[in-house]
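Engineer: Protein chains in written order, with our numbering: chain S, -19 to 265; chain C, 981 to 1131; chain G, 509 to 615.
Quick caveat, the hints were computed from the structure, so don't treat them as lab data.
Ideal Cβ placement from N, Cα and C applies to all residues, glycine included.
A couple of the hints might just be wrong.
To be verified - Each computed SDA-like pair below joins lysine to any residue, with the alpha-carbon atoms no more than 25 Å apart: (1) C/1052 <-> S/71; (2) C/1052 <-> S/51; (3) C/1026 <-> C/1086; (4) S/131 <-> G/542; (5) S/43 <-> G/516; (6) S/131 <-> G/551; (7) G/543 <-> S/215; (8) G/512 <-> S/43; (9) C/1056 <-> G/543; (10) S/131 <-> G/516; (11) G/610 <-> C/1093; (12) G/553 <-> S/15; (13) G/516 <-> S/71; (14) G/548 <-> C/1093.
To be verified - If we take Cβ atoms under 10 Å as the criterion, some of the chain C residues that face chain G in the derived model are: (15) 1078; (16) 1079; (17) 1095; (18) 1111; (19) 1114.
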Amino acid sequence: MKKTILRASLAAFAIAGYAGIATAEPVDEKLTIDGEREMTVKTKAPEGHPFDEVLSGWLFRTKETRALEADSFANPGMLRVEEGEALWNKVEGTAGKSCSTCHGDAAESMKGVGAAYPKWDKDNNRPINIELQVNKCRTEQMGAEAYPFDKGGQKPLTAYVKHQSIGMPVAADLTAGEMQKWWDKGKEVYYTRTGQLNLSCASCHEQNAGKYIRADHLSQGQVNGFPTYRLKQADLVSLHNRFRGCIRDTRAEYPKAFSDELMALEVYVTWRGTGLSVETPGVRQ
Amino acid sequence: MNINRRQALALSAGAAVFAITGVSTKLAYAAAEDTEKAIMDLAGGKAPQSGKITLTSPEIAENGNTVPVSVKVDSKMMEGDMVKSITIFAEGNPNPDVVTFHFSAMSGAATASTRMRLAKTQNVVAVAKMADGSTYMDKKEVKVTIGGCGG
Amino acid sequence: MASKPRVKVPKKASVGEVITIKTLISHKMESGQRKGKDGKLVPRKIINKFTAEFNGQEVFSADMHGAVSANPYLEFTVKMSESGTFKFSWVDDDGSVYSTEKKITVS
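Just need the whole structure built from these sequences, with the hints factored in.
Structural biologist: Structure follows, in structure tokens:
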């Protein structure tokens, strides 16, 4: 067993070497979308944060991937944002309403919303994210069915809503309701090792951020670009899908999307990216 | 930042798992000979010349699903110096054909870009066909990272 | 196809100017090489042809294969001599044709 692990470890280093990357440091570059909109991809961490600076995952990607996000035309995630715009104006459900019936022009009404979520939801006594807020509107206001996780219009509509806050700093309000309690719970999830590989979120994204796990350049695991366009899936990937993917990669059973565990993690991880610009739709590997 | 031994082992054991997953995807890759044959067909049985054409692609592609590629031929795009087409091949894919761009007298320049899929680390080849039938070729190796969380 | 094709063409150009056109369309580009959940190959379904016409005349085209990425992106140039209308068309394996037009003023 020891021998196998050692061999695996050598293989990992060999690959990192083969990729020919001398330094594993994230780049020190500015992200300016379309040469006009300057984004905050690096900022001073909030008090009590393990890092001095919080860094967008954009800084950990190759120059080609970075270029895709820097050009809103070339960014394939924008195709899905446009799809979200059509859904915003689409009447659905027994009440004969669309999102725009109540909220009008998303460019005005949704500006800043994506930067302030997750929020405290008094009605349900738990935090709520954009996906669940959309479902709440659909079931309570529109008389429409809730979107199942990652299905129907959930990803494009969430991306469209969050995109209205592009460039605005992530700033979730932890003072409302019991948000602080959920933050504590999320922190516990973040540092708990799981799975056969016995890894926590922190194992990769805190202790080894900037290093390579085989061919992957580990970032700080920031969530400011979600839903983000991933080259692997060639599609938008939701935050809870990515959470589940990471946990699956530790070879653990993964919690349900929007479960207490993952909602708490969303609250905590969002805080870890406080001050970074909302990048939705980000482009990642 | 220091990485202690236990963490190193944990991380690389993880890497080993990804490695195994990677290998289980069996694809019938095209032999480089298929590409060579396609190039010879395109060039009318004669090997293309080097020069004139430049293929630009990343040295390392972060994910083989979306690899940017650009081609450019040094040409006036006027009578006597016209590029008819540029074809891109990926030697290591199950099917080497990627794309053929067709230019016209209105192109103004013989340049085009797209994004392609590469199944593994391999040579990417671009062949330009001029209006007079002559052909030019450029070749570049693109390393494709497989494994890790993105692969 | 989930959304309209995206095309970027400058609104204005001068005579003799070489402009860059960018196009992006939402499409899975199912290569025919991928296995589905049932272990069988998923049949190929891609956009196999793109054409750009200006005032009815073809100025650029591309023959695409399964190795072109999902949501195909194309960038190319055109030398402008007069005002007019571009027509862009994408042909799907199933025979559907998606198209869009853009006007340009050349002076």
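Engineer: Are the Cα positions of residue 543 of chain G and residue 215 of chain S separated by 25 Å at most?
Structural biologist: With Cα atoms ~18 Å apart, residue 543 of chain G and residue 215 of chain S stay inside 25 Å; holds.
Engineer: Would the hint linking residue 553 of chain G and residue 15 of chain S be met if the CA-CA limit is 25 Å?
Structural biologist: Given pair residue 553 of chain G, residue 15 of chain S is violated - Cα atoms ~36 Å apart, limit 25 Å.
Engineer: Between the alpha carbons of residue 131 of chain S and residue 516 of chain G, is the straight-line distance 25 Å or under?
Structural biologist: Violated. Residue 131 of chain S to residue 516 of chain G sits at ~30 Å, over the 25 Å cutoff.
Engineer: For the pair we were handed, residue 610 of chain G and residue 1093 of chain C, check the Cα-Cα distance against 25 Å.
Structural biologist: Judged against 25 Å, a Cα distance of about 20 Å means the pair holds.
Engineer: Using 10 Å as the Cβ threshold, decide whether residue 1114 of chain C counts as touching chain G.
Structural biologist: Violated. Min distance 21 Å.
Engineer: Does the structure keep residue 548 of chain G and residue 1093 of chain C at a Cα separation of 25 Å or less?
Structural biologist: Distance of about 33 Å is beyond 25 Å: violated.
Engineer: For residue 1026 of chain C and residue 1086 of chain C, compute the direct alpha-carbon distance and say whether it is at most 25 Å.
Structural biologist: 29 Å, violated
Engineer: Checking one constraint from the list: CA of residue 1052 of chain C to CA of residue 71 of chain S, max 25 Å. Satisfied?
Structural biologist: 47 Å, violated
Engineer: Could you grab the alpha-carbon distance between residue 512 of chain G and residue 43 of chain S and see if it respects the 25 Å cut-off?
Structural biologist: 28 Å, violated
Engineer: Is residue 131 of chain S close enough to residue 542 of chain G, meaning Cα to Cα at most 25 Å?
Structural biologist: Holds. Residue 131 of chain S to residue 542 of chain G sits at ~22 Å (cutoff 25 Å).
Engineer: If you take the shortest Cβ to Cβ gap from residue 1111 of chain C to chain G, is it below 10 Å?
Structural biologist: Violated: closest Cβ of chain G sits about 15 Å from residue 1111 of chain C, beyond 10 Å.
Engineer: Is the hinted pair residue 1052 of chain C and residue 51 of chain S satisfied, with a Cα-Cα distance of at most 25 Å?
Structural biologist: 21 Å, holds
In summary, the numbered hints that this structure violates are 1, 3, 8, 9, 10, 12, 13, 14, 18, 19.
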